[in-house]
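Let the hints inform the model, and build the full structure from the sequences given.
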Amino acid sequence: MFQGLQLFAEAIGGLLTFRTVFDVLWATQLGIIVGMLPGLTATMGIALMTTLTFKMAANNAILILICMYIGAIYGGSRSAILLNIPGTPANAATCMDGYPLAQQGKAGQAIGIATTGSFLGSVIGMFAMALFTPLLGTFALKFRSFEFFWFSVFGVVICGNLTAPKDPLKGWIAGFLGLFVAMIGMEGIHAYSRFSFGSTDLSGGIALLPAMVGAFGFAEIITVMRNPRMQVVQTKIDHVVPRLKDILPYWKTIIRSGIVGTIIGVLPGVGEDIASWVSYDMAKRSSKHPEEFGKGSVDGLIAAETGNNACVPGAIIPVLTLAIPGSAPAAVLLGAMLIHGIRPGPLIMIEFPKFIYETTAMVLFATIAMFVLGLSLVRTLVKVLLVPRQKLMPIVFVLCVVGAYAITGRMFDVGVMVVFGVIGFVLREMEYPMAPLVLGIILGDILDKNLRRSLILTDGRIGPLFTRPISFFIFALTVLIILSKVKFAQDAANAAKRAAAGLFRRKGAGDGV
Amino acid sequence: MKEQNMRRADFVMSSFLIAFGVAVLILSLAMPRFQHLKINPYSVPGIVPGFLGAVIAFLGVVLFIRSVRQGGFRLALNSRALRDFLLTEETRRISLTIVLGVAYALGLLGRVHFMIATGIFVFAFVMVFEYKRKEGFRAQWKTVLWGAILACVTSVSVYSVFAYLFLVNLP
Numbered sequence: 064m065f066q067g068l069q070l071f072a073e074a075i076g077g078l079l080t081f082r083t084v085f086d087v088l089w090a091t092q093l094g095i096i097v098g099m100l101p102g103l104t105a106t107m108g109i110a111l112m113t114t115l116t117f118k119m120a121a122n123n124a125i126l127i128l129i130c131m132y133i134g135a136i137y138g139g140s141r142s143a144i145l146l147n148i149p150g151t152p153a154n155a156a157t158c159m160d161g162y163p164l165a166q167q168g169k170a171g172q173a174i175g176i177a178t179t180g181s182f183l184g185s186v187i188g189m190f191a192m193a194l195f196t197p198l199l200g201t202f203a204l205k206f207r208s209f210e211f212f213w214f215s216v217f218g219v220v221i222c223g224n225l226t227a228p229k230d231p232l233k234g235w236i237a238g239f240l241g242l243f244v245a246m247i248g249m250e251g252i253h254a255y256s257r258f259s260f261g262s263t264d265l266s267g268g269i270a271l272l273p274a275m276v277g278a279f280g281f282a283e284i285i286t287v288m289r290n291p292r293m294q295v296v297q298t299k300i301d302h303v304v305p306r307l308k309d310i311l312p313y314w315k316t317i318i319r320s321g322i323v324g325t326i327i328g329v330l331p332g333v334g335e336d337i338a339s340w341v342s343y344d345m346a347k348r349s350s351k352h353p354e355e356f357g358k359g360s361v362d363g364l365i366a367a368e369t370g371n372n373a374c375v376p377g378a379i380i381p382v383l384t385l386a387i388p389g390s391a392p393a394a395v396l397l398g399a400m401l402i403h404g405i406r407p408g409p410l411i412m413i414e415f416p417k418f419i420y421e422t423t424a425m426v427l428f429a430t431i432a433m434f435v436l437g438l439s440l441v442r443t444l445v446k447v448l449l450v451p452r453q454k455l456m457p458i459v460f461v462l463c464v465v466g467a468y469a470i471t472g473r474m475f476d477v478g479v480m481v482v483f484g485v486i487g488f489v490l491r492e493m494e495y496p497m498a499p500l501v502l503g504i505i506l507g508d509i510l511d512k513n514l515r516r517s518l519i520l521t522d523g524r525i526g527p528l529f530t531r532p533i534s535f536f537i538f539a540l541t542v543l544i545i546l547s548k549v550k551f552a553q554d555a556a557n558a559a560k561r562a563a564a565g566l567f568r569r570k571g572a573g574d575g576v
Numbered sequence: 041m042k043e044q045n046m047r048r049a050d051f052v053m054s055s056f057l058i059a060f061g062v063a064v065l066i067l068s069l070a071m072p073r074f075q076h077l078k079i080n081p082y083s084v085p086g087i088v089p090g091f092l093g094a095v096i097a098f099l100g101v102v103l104f105i106r107s108v109r110q111g112g113f114r115l116a117l118n119s120r121a122l123r124d125f126l127l128t129e130e131t132r133r134i135s136l137t138i139v140l141g142v143a144y145a146l147g148l149l150g151r152v153h154f155m156i157a158t159g160i161f162v163f164a165f166v167m168v169f170e171y172k173r174k175e176g177f178r179a180q181w182k183t184v185l186w187g188a189i190l191a192c193v194t195s196v197s198v199y200s201v202f203a204y205l206f207l208v209n210l211p
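So the sequence lines, in the order shown, correspond to chains A and B.
Under my numbering, think of the first position of the first sequence as 64, with each following residue one higher.
Under my numbering, think of the first position of the second sequence as 41, with each following residue one higher.
Derived from the structure by calculation, the hints contain no laboratory data.
It is possible that part of the hints are untrue.
To be verified - In the DMTMM-like style, the derived pairs of lysine to aspartate or glutamate whose C-alpha atoms are separated by at most 25 Å in a straight line are:
| # | chain 1 | residue 1 | chain 2 | residue 2 |
| --- | --- | --- | --- | --- |
| 1 | A | Lys-550 | B | Glu-43 |
| 2 | A | Lys-512 | A | Glu-414 |
| 3 | A | Lys-548 | B | Glu-43 |
| 4 | B | Lys-42 | A | Glu-492 |
| 5 | A | Lys-454 | B | Glu-129 |
| 6 | B | Lys-78 | A | Asp-522 |
| 7 | A | Lys-315 | A | Glu-354 |
| 8 | A | Lys-454 | B | Glu-175 |
| 9 | B | Lys-78 | A | Asp-508 |
| 10 | A | Lys-446 | B | Glu-170 |
| 11 | B | Lys-42 | A | Asp-230 |
Said to hold, decoys possible - For each label pair, taking beta carbons as the anchor points, the in silico distance ranges come out as:
| # | chain 1 | residue 1 | chain 2 | residue 2 | range |
| --- | --- | --- | --- | --- | --- |
| 12 | A | Leu-401 | B | Leu-146 | 21 to 29 Å |
| 13 | A | Pro-312 | B | Phe-177 | 54 to 62 Å |
| 14 | B | Thr-128 | A | Ser-349 | 39 to 47 Å |
| 15 | B | Val-102 | A | Leu-401 | 34 to 42 Å |
| 16 | A | Met-474 | B | Trp-186 | 28 to 36 Å |
| 17 | A | Leu-79 | B | Phe-206 | 23 to 31 Å |
| 18 | B | Ile-189 | A | Gln-66 | 56 to 64 Å |
| 19 | A | Arg-348 | B | Phe-113 | 34 to 42 Å |
| 20 | B | Val-201 | A | Asn-290 | 28 to 36 Å |
| 21 | B | Val-152 | A | Leu-543 | 53 to 61 Å |
| 22 | B | Val-201 | A | Phe-202 | 37 to 45 Å |
| 23 | A | Lys-358 | B | Ser-200 | 28 to 36 Å |
Predicted model, so just to flag it, every value in this text is computed and none were measured.
Ideal Cβ placement from N, Cα and C applies to all residues, glycine included.
The following block contains the structure:
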């Protein structure tokens, strides 16, 4: 514990240089702007920044990416409040109460509350990160091939479940399609080229970054361009800095949303958008005035913004300890860490023990910068929202192309970006979520290697996949998640419940006589 | 998407998924097993893709049954429905965005210098979505001028920032 604190203090000390503070400020500000602009998501911003920073030293680059991440997830609230369009998907729930507040002439107050909520959410997430990452890291050392195999399946299933709550079947399909995409190219055990049909480019595999830039960048551009115009709400932005009495009554919502956001962040692939909706929903259920939700409720706004920002540090926890991302932007962050030679995963506690504390310190710096920058320059930044989309989107597309190309210098990757953009758009239209698809691309390799390793270890017996305690636990959890969404299982559970209730009633009735 | 259209889309997608899953399964079974190398038979390359192909086909069957039950097989494809779909403003904007993007990324880049390709793309994009043919050039010369300025500034600045400041490869 004390050693952890000491390492954390050392990490903060190490980051306190002029260069670092300068990097933190510009990267967070840029993140806020990226988040504000509909069509530029956090995922896209981090992917572009990865391209720009990949010649920098590892720690500087990761710091800039974390600042971009936290800035963008927060920045999206600005357009949600002023335009009723979420700047990133994470801010969709913010629109519900942020925009009505702006219409009531309280835009400044709404921005101030959203900023404070985001700040406190990040702080709660950061504490959870500092406390639980080392614990989870130590626990993850117990994971062998069997556990990693089930964890990959669990990741795709839970992610599909939560990102497509209306129709989890589509979430699972997206996840398994993602796992298949990872099968393309040379496999890691016998170096056999799968599904490449003689193409050298395909045998190199589908890289994560171009696929993500397509699915989250180009697909987003198409979505933004489909609608002709957007309107900024005409309102005066008055005092932005919130008063303590505006925030204090909502302490319960803040703590609840912070914890919920962090937990959702830890779940593989389930990102900020879900965190924000779940926090919002829980706040509505436990509020004394649920009727105000959707009409400008401060409680709702604070829940949504606290939830999505708490999810950010939460999503970094599994990146560090299991090399499995907690959200789509965290997936890019994971890719960037690998590019920079940091190998996250269970061995991180042994190979790079200081890195966990350095990352936590980076989150702290980014959070403080987000709070300070979020409360300043508000009126100036509103002008960014006025840039017409037909002028902005071609520039974003040029950046998508450069982002896809720059890391490996292959035109093939530009093709991958375009194809994933179009497919991503079509799939999104049919309500297939993108997060499980992307998670599948990352987990595919882990699933492939670990299933085959397990089978080699046991000489083809599948028993140990189910009998090892952790392995069985993850397997059982996966099955329960699937069954909870399957109709006949739900019917059976309800029938069992009714039968049990009937049994007790009869017994009770008999006692009475 | 409307409920009825979604059922139809599900029907088409599920048929595709079944065919795709089965194809993946067949290709996986046909993958080499390296018996002559005496490798462990449980490490053959086709094992995991085969499993995934089977799962995708199974999920496709579930979606197929659901969409058929909901009447999604009545595709109602006729020329009028198709024309109505193709002529909406939304479809036009979506297709224009995709066509412009594809033409730039897969057509121009690599054949023309990055700065020229980017300039043409940005200018074309702004013009396609901003220039109104009915109003004539005189009324909109400012739009054209701003489009041209934006195209030049974007191509020069992106090129210089990436090529000289961040030392990144450009297509």
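Verification of the hints:
1. The straight-line distance between the Cα atoms of A/Lys-550 and B/Glu-43 is roughly 20 Å, inside the 25 Å bound, and the hint therefore holds.
2. Proposed proximity of A/Lys-512 and A/Glu-414 is supported: the alpha carbons are some 22 Å apart, at most 25 Å.
3. This hinted pair checks out: A/Lys-548 and B/Glu-43 have alpha carbons roughly 21 Å apart, not beyond 25 Å.
4. Using a Cα cut-off of 25 Å, the hinted pair B/Lys-42 and A/Glu-492 holds, with the two alpha carbons roughly 11 Å apart.
5. Proximity of A/Lys-454 to B/Glu-129 is assessed by CA-CA distance (about 19 Å); at most 25 Å being required, the pair is judged to hold.
6. Using a Cα cut-off of 25 Å, the hinted pair B/Lys-78 and A/Asp-522 holds, with the two alpha carbons roughly 14 Å apart.
7. Simply put, A/Lys-315 and A/Glu-354 have alpha-carbon atoms about 19 Å apart, close enough for the 25 Å limit, and the pair holds.
8. Between A/Lys-454 and B/Glu-175, the direct Cα distance comes to roughly 20 Å. Compliance with the 25 Å bound is thereby established for this hinted pair.
9. Note on B/Lys-78 and A/Asp-508: the hinted pairing holds, with a Cα-Cα distance of about 24 Å set against a maximum of 25 Å.
10. This hinted pair checks out: A/Lys-446 and B/Glu-170 have alpha carbons roughly 20 Å apart, not beyond 25 Å.
11. With a C-alpha separation of about 15 Å, the suggested pair B/Lys-42 and A/Asp-230 falls inside the 25 Å cut-off, and the hint holds.
12. With their beta carbons about 28 Å apart, A/Leu-401 and B/Leu-146 fall inside the hinted range of 21 to 29 Å.
13. Between A/Pro-312 and B/Phe-177 the beta carbons are some 60 Å apart, a value that agrees with the proposed interval 54 to 62 Å.
14. Here the CB-CB span from B/Thr-128 to A/Ser-349 is close to 43 Å, well matched to the stated 39 to 47 Å.
15. For the pair B/Val-102 and A/Leu-401, the beta carbons lie near 35 Å from each other, so the given range of 34 to 42 Å is met.
16. The given range of 28 to 36 Å is respected by A/Met-474 and B/Trp-186, whose C-beta atoms sit roughly 31 Å from each other.
17. A C-beta distance of roughly 26 Å is found between A/Leu-79 and B/Phe-206, which places it inside the suggested range of 23 to 31 Å.
18. In this structure the supplied range 56 to 64 Å holds for B/Ile-189 paired with A/Gln-66, their Cβ-Cβ distance being about 58 Å.
19. Taking the beta carbon of each, A/Arg-348 and B/Phe-113 are about 40 Å apart, inside 34 to 42 Å as hinted.
20. The beta-carbon spacing between B/Val-201 and A/Asn-290, approximately 30 Å, falls within the hinted interval of 28 to 36 Å.
21. A hinted range of 53 to 61 Å for the beta carbons of B/Val-152 and A/Leu-543 is consistent with their spacing of about 56 Å.
22. A hinted range of 37 to 45 Å holds for the C-beta pair B/Val-201 and A/Phe-202, which are about 44 Å apart.
23. Taking 28 to 36 Å as the suggested C-beta distance range, the pair A/Lys-358 and B/Ser-200 does not conform, at roughly 49 Å.
The earlier numbered hint that this structure contradicts is number 23, and it is the only one.
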